[in-house]
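Asks: One-letter residues, chain by chain:
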Amino acid sequence: MPFTGNYMRFVLGTWDSTWETYCQTNTSASDYGACYGVWGRLYFVQSDTTTYPVGSLPCEQAGNCTRFTTLQWVYPFTIVDNSSVNKQILLYFVRSKHHTNVIAFNCGSFTIGTESVADPNNLYVADFYKGFPTGARLAAGGRCDVYDPISNSVFNIANQTVGYRINMEYYPNALGLKIIGAFYSKMQNNVFFAVIAFIGYASEASPSLIMPVDYDEYVAYNELRKTVGWSFDGVNQLGWNASDIINTARELFPDRAWAVYDDNQNILYLYNLTMDYVPDWLIEKLAPTAMKVLKAPADATVAKAWLDLLNERNAQIPPQAELP
Amino acid sequence: MSGKGTGKPDSPGSPSTSPGKKKVKVRKGKKWVEVDVDGEVKKGRFKYVKFVDDDGLDTYWISPE
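Just so you know, the sequences run in chain order A and B.
Using this note's numbering, read the first sequence as starting at 1 and increasing by one per residue.
Using this note's numbering, read the second sequence as starting at 1 and increasing by one per residue.
Only chain B is shown next, with the shape it has when bound in the complex (with noise of 0.2 Å):
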């Protein structure tokens, strides 16, 4: 699968992200990755966003707003 139609292949860690969706850029270790949002969650005094990373799972990563 191409990545942002750079055609180059994504990175591991990079989920592809598609046309229509919120998307959000996320720190991943040290780098910022765009994903596609799904939902947002509010736990506590955090917030987080939903996404289904590379690795299949369904993800809530904290919200970088």
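One chain only, chain A, in its complex shape (with noise of 0.2 Å):
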């Protein structure tokens, strides 16, 4: 099961670690939108142009800050375009500076999700907040609570002086995902904040067996029952290598119809199978990059019963393959 591995810095915006940085947001002091104490950028939220055109605040000018114009709730970013695995590992560490310590203008929160590159709206995001962050629930009190699962506690990203940091395990609901991150901010205006954020990640190689199996279904050898002895849909049991899955499969379940999916390789393999008899579902749920017919069926009831079963455990996901 081969890893893989990654990391990537987000940052919007930078500020000096040790010097009170700090902008000047009291729009009747002479310094009206002076920013001190900057290493690199801050971002600046003043959406009046007219009173303060675009280029005319002293950070602007002293090239400290970044203005922005518009009042925005989410900053997207992408960390992985296209993990085709199943489990995912996550390491993240953020940082921000905001308008205050104590986070009563402006608050930010930060999230890690994953979007289907198939569907994008098939979207599922880390529980990492405790609630969202909603305009009423930032104000009532300034909170702004990310939700850490590992120690089952919650922490104000705000008020870190020296950075918070997840370690964390999951699995996304899908294969073929883009990892994406996100970091909310309340729309307010005249304030400055900066993000930064540190996120690993690893994700390990798992092939599956994809062969519906009941649970009290005899099924030889020790192993294998571990592994794909039964599982809710019939697609997400986990295994070793691919080769090592078919070699089995085949001895196992010679009259059977059953598929693998090597993600490594992004390879479909059917067994008793043809491509009329994969849903599309499972296409969009897999992403394959090819299919192999390992064998095609002798008798077309074994493949239709593979493909009724498959459909009766996933009869969520709409449309099924339509039958020649």
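Misleading hints may appear alongside valid ones.
Heads up, simulated DSS-like pairs for lysine-lysine below, C-alpha to C-alpha not over 25 Å straight-line [claimed, not checked]:
| hint | chain 1 | residue 1 | chain 2 | residue 2 |
| --- | --- | --- | --- | --- |
| 1 | B | K47 | B | K30 |
| 2 | A | K304 | B | K30 |
| 3 | B | K30 | A | K292 |
| 4 | A | K292 | B | K22 |
| 5 | A | K292 | B | K31 |
| 6 | B | K31 | B | K42 |
| 7 | B | K25 | B | K43 |
| 8 | A | K295 | B | K50 |
| 9 | B | K31 | B | K50 |
Restraint-style ranges between C-beta atoms, simulated for each label pair [said to hold, decoys possible]:
| hint | chain 1 | residue 1 | chain 2 | residue 2 | range |
| --- | --- | --- | --- | --- | --- |
| 10 | B | K42 | A | G37 | 56 to 62 Å |
| 11 | B | P64 | A | T49 | 45 to 51 Å |
| 12 | A | P254 | B | R45 | 42 to 48 Å |
| 13 | B | R45 | A | N189 | 38 to 44 Å |
| 14 | B | K25 | A | E312 | 37 to 43 Å |
| 15 | A | D299 | B | P64 | 32 to 38 Å |
| 16 | B | K31 | A | A298 | 30 to 36 Å |
Hint data in this document are derived by calculation from the structure and do not stem from the laboratory.
We put the CB at the ideal spot given by N, CA and C, even for glycine.
Since each chain comes alone in its own frame, lean on the hints to assemble the complex.
Replies: Below you can see the structure in the form of structure tokens.
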């Protein structure tokens, strides 16, 4: 099971970690819009371009802020474009600097999730924050809680003076994923902020035997039973490497229909099956680069039985394949 | 079997081609390989081309088009 891994750095502005980084947000002050103690740039939100034309703020002229003229909720970014693995190990470190250390004016929350490459509407967000950071919630007491599933505790992202780190392991709800992150900020005018995050991930390739097996069905070989003995949908049984699964399945189930998905090569192997019997939803889920027919079905009822049972266990996923 | 009239043996993963069939190039690993297409199949929002791969198996590869 090969591992792959990477890390990325996500930055919205930077600040000096030792100086008291600060921007003047008092519009009556003579130095309104100036930023001090900045290493790099902060983000300064000021949507009034009539009173304060773009480029007129002192920090813009000094080059130590980036001006936002629109108020946004979400600043999304992509961590990994396509990851066809079942198991993700994520680690992230995030630190932010805001208008004040007490989050009364602006607040950020940070999240990591996944979306399906095939279907961007299939969105999964890891439960890193406790409730959605709505405006009312942020405004109430300046709360901006982020949930740490490892320690089962809640921390305030903006009160961290040394940053915060999360290690977690999770199983996405689909293959063929884009791992995404986002910084959520309360829509507040005349504020400054900066966010920096380091995100590392490791992925383990996990080929699957795709064959619905009943819980009480006899399956020889203890190892195989542990691996593919039963799963809710008949799809997400993880195994060793693809060739081992194919060889074992050939021996144990020579007269059954099954498929093996090699998520390292992105190849779907079909046994006692043809393309006609592979449902569209499975193709959408796996997005295989190729399919190879190990053995065409001598008896179509075997292939149809596989399809019917797979559809039955995944009835929530339309549409189904059209049989010839 | 010689490949593409060059007199050189086919490299692994490069099915031989024959005249008269539609040919497409599919990306296998880091290489583009020309194959004879026996048909096309649409599955979901993906389109696959069918050919016999060098391992002798009926293969459906995601269409480069």
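Asks: Next, verify each hint and record whether it holds.
Replies: Here's how the hints hold up against the structure:
1. B/K47 <-> B/K30: Holds, at about 20 Å.
2. A/K304 <-> B/K30: violated, 36 Å
3. B/K30 <-> A/K292: holds, 19 Å
4. A/K292 <-> B/K22: holds, 20 Å
5. A/K292 <-> B/K31: Holds. A/K292 to B/K31 sits at ~19 Å (cutoff 25 Å).
6. B/K31 <-> B/K42: holds, 24 Å
7. B/K25 <-> B/K43: Roughly 20 Å between the alpha carbons, so the hint for B/K25 and B/K43 holds.
8. A/K295 <-> B/K50: holds, 15 Å
9. B/K31 <-> B/K50: holds, 18 Å
10. B/K42 <-> A/G37: 56 to 62 Å: This hint holds: roughly 59 Å between Cβ atoms.
11. B/P64 <-> A/T49: 45 to 51 Å: Between B/P64 and A/T49, where Cβ atoms are some 47 Å apart, the hint holds.
12. A/P254 <-> B/R45: 42 to 48 Å: Violated: the Cβ-Cβ distance is about 34 Å, outside 42 to 48 Å.
13. B/R45 <-> A/N189: 38 to 44 Å: holds, 42 Å
14. B/K25 <-> A/E312: 37 to 43 Å: holds, 40 Å
15. A/D299 <-> B/P64: 32 to 38 Å: holds, 35 Å
16. B/K31 <-> A/A298: 30 to 36 Å: holds, 35 Å
In the structure shown, a violation is registered for the earlier hints numbered 2 and 12, in ascending order.
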